[in-house]
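Use these hints to put chain B onto chain A, whose structure you have.
As given, the protein sequences belong to chains A and B, one line each in that order.
Residues in the first sequence are numbered from 1 upward in steps of one, following our numbering.
Residues in the second sequence are numbered from 1 upward in steps of one, following our numbering.
Please note: incorrect hints may appear among the correct ones.
To be verified - Restraint-style ranges between C-beta atoms, simulated for each label pair: (1) 34(A) <-> 311(B): 23 to 29 Å; (2) 383(B) <-> 103(A): 49 to 55 Å; (3) 717(B) <-> 32(A): 56 to 62 Å; (4) 2(A) <-> 723(B): 49 to 55 Å; (5) 148(B) <-> 73(A): 44 to 50 Å; (6) 355(B) <-> 131(A): 48 to 54 Å.
Calculated from the structure, these hints are not laboratory results.
The beta-carbon is built from N, C-alpha and C at its ideal position, and this holds for glycine as well.
Spelled out from the first residue to the last, the chains are:
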Amino acid sequence: MRIGVITFPGSLDDRDAARAVRLAGAEPVGLWHGDRGLRGVDAVILPGGFSYGDYLRCGAIARFAPVMADLVPAARAGLPVLGICNGFQILCEAHLLPGALTRNAGLKFVTRDVPLRVENAGTAWTRAYSGGEQIVVPLKSGEGAYAADADTLADLEASGQVVIRYAGDNPNGSAAAIAGVCNAEGTVVGLMPHPEHAVDPLTGPSADGLGFFASVLARVAA
Amino acid sequence: MTVTDTVARAAATAGLPQPFAELGLTADEYEKIVATLGRRPTGAELALYSVMWSEHCSYKSSKVHLRQFAATAPPSGALLAGIGHNAGVVDIGQGYAVTFKIESHNHPSYVEPHQGAATGVGGIVRDILAMGARPVAVMDALRFGPADAPDTGRVLPGVVSGISFYGNCLGLPNIGGELDFDPSYAGNPLVNALCVGVMRHGDLQVAAGSGPGNKVILFGSTTGPDGVGGASVLASATFGDAASDSTESAKRPSVQVGDPFLEKLLVECCLELFARGLVTGIQDLGAAGVACATTELAAAGTGGMLVRLDEVPLRDATLGPPEILMSESQERMMAVVEPGRVAKFLAVCAKWDVRAAVIGEVTDTGRLVMTWRGETVVDIPPASAADGPVYHRPLARPASQDALAAGDPAALPRPADGAGLRADLLALLGSPGLADKSWVTDQYDRYVRGDTVLAMPDDAGLLRVDEATGLGIALATDGNGRYCRLDPYQGTQLALSEAYRNVAATGARPLAVTNCLNFGSPEDPAVMWQFAEAARGLADGCAALGVPVTGGNVSFYNQTGTAAIHPTPVVGVLGVHDDVRRRVGIGFLDVPADLVLLGRTEPEFGGSAWAHVRHGHLGGRPPAPDLDAERRLAALLAAAVADGLLSAAHDLSDGGLAVALAESCLRGGTGCTVRLPEDPFTALFSESAARAVVAVRPGRETAFGQLAEAHGVPAAAIGSTGGDSLTVDGCFAIPLAELAAVHTRTLPALFGPVLSDPVVPS
Numbered sequence: 001m002r003i004g005v006i007t008f009p010g011s012l013d014d015r016d017a018a019r020a021v022r023l024a025g026a027e028p029v030g031l032w033h034g035d036r037g038l039r040g041v042d043a044v045i046l047p048g049g050f051s052y053g054d055y056l057r058c059g060a061i062a063r064f065a066p067v068m069a070d071l072v073p074a075a076r077a078g079l080p081v082l083g084i085c086n087g088f089q090i091l092c093e094a095h096l097l098p099g100a101l102t103r104n105a106g107l108k109f110v111t112r113d114v115p116l117r118v119e120n121a122g123t124a125w126t127r128a129y130s131g132g133e134q135i136v137v138p139l140k141s142g143e144g145a146y147a148a149d150a151d152t153l154a155d156l157e158a159s160g161q162v163v164i165r166y167a168g169d170n171p172n173g174s175a176a177a178i179a180g181v182c183n184a185e186g187t188v189v190g191l192m193p194h195p196e197h198a199v200d201p202l203t204g205p206s207a208d209g210l211g212f213f214a215s216v217l218a219r220v221a222a
Numbered sequence: 001m002t003v004t005d006t007v008a009r010a011a012a013t014a015g016l017p018q019p020f021a022e023l024g025l026t027a028d029e030y031e032k033i034v035a036t037l038g039r040r041p042t043g044a045e046l047a048l049y050s051v052m053w054s055e056h057c058s059y060k061s062s063k064v065h066l067r068q069f070a071a072t073a074p075p076s077g078a079l080l081a082g083i084g085h086n087a088g089v090v091d092i093g094q095g096y097a098v099t100f101k102i103e104s105h106n107h108p109s110y111v112e113p114h115q116g117a118a119t120g121v122g123g124i125v126r127d128i129l130a131m132g133a134r135p136v137a138v139m140d141a142l143r144f145g146p147a148d149a150p151d152t153g154r155v156l157p158g159v160v161s162g163i164s165f166y167g168n169c170l171g172l173p174n175i176g177g178e179l180d181f182d183p184s185y186a187g188n189p190l191v192n193a194l195c196v197g198v199m200r201h202g203d204l205q206v207a208a209g210s211g212p213g214n215k216v217i218l219f220g221s222t223t224g225p226d227g228v229g230g231a232s233v234l235a236s237a238t239f240g241d242a243a244s245d246s247t248e249s250a251k252r253p254s255v256q257v258g259d260p261f262l263e264k265l266l267v268e269c270c271l272e273l274f275a276r277g278l279v280t281g282i283q284d285l286g287a288a289g290v291a292c293a294t295t296e297l298a299a300a301g302t303g304g305m306l307v308r309l310d311e312v313p314l315r316d317a318t319l320g321p322p323e324i325l326m327s328e329s330q331e332r333m334m335a336v337v338e339p340g341r342v343a344k345f346l347a348v349c350a351k352w353d354v355r356a357a358v359i360g361e362v363t364d365t366g367r368l369v370m371t372w373r374g375e376t377v378v379d380i381p382p383a384s385a386a387d388g389p390v391y392h393r394p395l396a397r398p399a400s401q402d403a404l405a406a407g408d409p410a411a412l413p414r415p416a417d418g419a420g421l422r423a424d425l426l427a428l429l430g431s432p433g434l435a436d437k438s439w440v441t442d443q444y445d446r447y448v449r450g451d452t453v454l455a456m457p458d459d460a461g462l463l464r465v466d467e468a469t470g471l472g473i474a475l476a477t478d479g480n481g482r483y484c485r486l487d488p489y490q491g492t493q494l495a496l497s498e499a500y501r502n503v504a505a506t507g508a509r510p511l512a513v514t515n516c517l518n519f520g521s522p523e524d525p526a527v528m529w530q531f532a533e534a535a536r537g538l539a540d541g542c543a544a545l546g547v548p549v550t551g552g553n554v555s556f557y558n559q560t561g562t563a564a565i566h567p568t569p570v571v572g573v574l575g576v577h578d579d580v581r582r583r584v585g586i587g588f589l590d591v592p593a594d595l596v597l598l599g600r601t602e603p604e605f606g607g608s609a610w611a612h613v614r615h616g617h618l619g620g621r622p623p624a625p626d627l628d629a630e631r632r633l634a635a636l637l638a639a640a641v642a643d644g645l646l647s648a649a650h651d652l653s654d655g656g657l658a659v660a661l662a663e664s665c666l667r668g669g670t671g672c673t674v675r676l677p678e679d680p681f682t683a684l685f686s687e688s689a690a691r692a693v694v695a696v697r698p699g700r701e702t703a704f705g706q707l708a709e710a711h712g713v714p715a716a717a718i719g720s721t722g723g724d725s726l727t728v729d730g731c732f733a734i735p736l737a738e739l740a741a742v743h744t745r746t747l748p749a750l751f752g753p754v755l756s757d758p759v760v761p762s
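Next up, chain A with everything else stripped away, as it sits in the complex (with noise of 0.2 Å):
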């Protein structure tokens, strides 16, 4: 099982996600973002950071680089693909996910072990939770607020692809405490917090997160 983690420049959480597909029992490959190709990966993680700095509109420049020319028809034929904060934000500029993330609403960067709650364990990334399950993950991230219109919160809410919800204080002025979202197929994933963060209680809050890497193993080996 071989699942990528790309680089961008800025990227920052591409080694902690090789981990955690390491310990999920698959083996990460490194992709990078100004090649072409996708190296014959079973799935792709699009890790945290700050690709070009976020400048501009978070992932608004990663979306052009040249590995998403590749990326984003295979998302769309079926590839399981998870963006993680920042990975999020580009899923979003490619127009793989809907809506968009915007500024934190205390307008500070916010570093916080935050409960979630799994609203769809249905999804290539989720099934190894069970719905309404509750797990804590760290978020960290200063443009973590999701934004959609009313009917696209409305078609979200009804189709199902709410993956993940705040289930605590909504931490970021997220519209209906969005935490993550799937497209409508639900092979990509994008999330707001970052599990990757919380594959080992040594060095995060909980080992709730090796659930998303392990679903993803389980769905390529189906």
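Same frame as chain A, now just chain B:
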């Protein structure tokens, strides 16, 4: 046309008045330059000497005192590179080496808090990078004026946002530090940034320009007019007839602007260059920019260098040689590269989108020569600029020390009963210096890189270095301006002791020391006395504890008008942890455990948090340092953690046992009940050194008691963990919810909420 002040022109125009005083040089220093060169310096040379001989770069006032760190350093097999390098390098075993350093960015952070603090992070990270190490974490020791002062409301949020902006974007976890408030820092906050890096032994890089013919490459950001303090003075006062240009320059801010994204690329680019063996010598550009990097590389190498200043990539085409030399534009590095490797070097830079330019080469002439538009504008022996003057400043113990010492806190009214003790504890716990710091630390990423085992509010930051073996490092910084004001010698030893103890409390063995010495003006004999006492205290303390000083930084001129800050040496201690999986934190876990107080408690309240918070009092003697007891306590903690005897450990410092217990209860969400001896006030609030409170794992009480006895550490069973209140038998009980409310509300009340109210979509 601007006239270029060449070496030939300088030789032909002896006696031309030059603006050395405006650039911060004394008449004696100027004469020394003229004597060294045998002529007046050119404008570019004057700029170069003025920045190289500044207090900040030359350590001219502190050098004679800092020498004792090396002279009295205890023998340490762990030191791979010591004082004099960009940062010290320590062997932590298993083939790993660690480099760490703390540096001040006080003055820029007052002028422009966000960028000042941000570039402070960037600068120290490049110091660590230049040693060949991958930077792996940062910490920040912050001190501000009164928490409720309007200007603190400007400075603090800006400093925190700057550190957050730069460190988070760079991808370095922020694992701890300090936050304190005191009126002496109003108008002069202290922003001290620490960085730590990890490498394999063989990865050590040298800051030397060796090998004639080797190329000198400047890479990273372009060079602009930012941070050029005096160059406009230079241009307008003597040489420039381009008056309009210099007027423009004078309006530009002298605080640099940071680009953490470029720094991230620069880090990855440098590490790839090192790994491919393409670098012969490397130096970061910080204060004094190109002037400092070229002179230091040349002075430490073969001795000569030829630099073509026209080749320096500029972001402002109007800059001339003096400005190029003095510019403190951020995110730049300078490398010395063998000619045959230049193409590969430039290819790696291109991969990382990092601009690079060959600007010169190493020579064996013994001269640092720089040209501009085909003419020579600098021709100096590099060591003369790199070494700088050395001053034995006058020092005098101020008479005010006696009055301070006479203000014995024993005379202060103490709480009369349990209710009074309870009120004092809550007052301390909610005071800005001791309150919950989440408002600050929640703005920092502590998780990135995935190796953070402990971070604020634990006693020390703890990082995993090797995933397979569990090898790790612990780091803590401490300082206490109030103790140092009362006695700079002992106060500095107390700062060292506390950082040492904090590292030990995780189970790590302290190995090495870095320091950032924040003081007022060295031209004030009273300040110079404080500095000399602090340096002596640190040197003696390190010798007694067996931990060498590996490097550090001095920040003078921290004062507003004639009022200096409290002398504030901030001491950083690095420890090695054999297995981070066995670490303990400060939090009481949800299992019943005996609480044991380690060390001896005396009625010591001089400079204490209690005297400060309850009475606004500063006087008497600080607690007596006991370095031998610190050493025994640290050895006991390391042994007990290695044997798995403890479930929590917390050092005792500001606010004594009372605050330590409250913090441990809140961190773990578990209460405790303690019984105290006849004088509960002293037991709760004394700040005697060399103490810690530990929670002993059930069934291991006897083993721990024997271990404490074997280490000669006094150990008193004072109670047990459990329940949901902090209870002192016969005195008071405080529910954890009440403790938490008091502890957490202070900073948000002062600086605004971090979270907003949830936004309800319409």
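Evaluated hints:
The hint said 23 to 29 Å for the Cβ distance between residue 34(A) and residue 311(B), and at roughly 28 Å that hint holds. Between residue 383(B) and residue 103(A) the beta carbons are some 52 Å apart, a value that agrees with the proposed interval 49 to 55 Å. The given range of 56 to 62 Å is respected by residue 717(B) and residue 32(A), whose C-beta atoms sit roughly 59 Å from each other. One distance hint, 49 to 55 Å for the beta-carbon pair residue 2(A) and residue 723(B), holds here, with the actual separation near 51 Å.
Remark: the range hint 44 to 50 Å for residue 148(B) to residue 73(A) is contradicted by a beta-carbon distance near 58 Å. The given range of 48 to 54 Å is respected by residue 355(B) and residue 131(A), whose C-beta atoms sit roughly 52 Å from each other.
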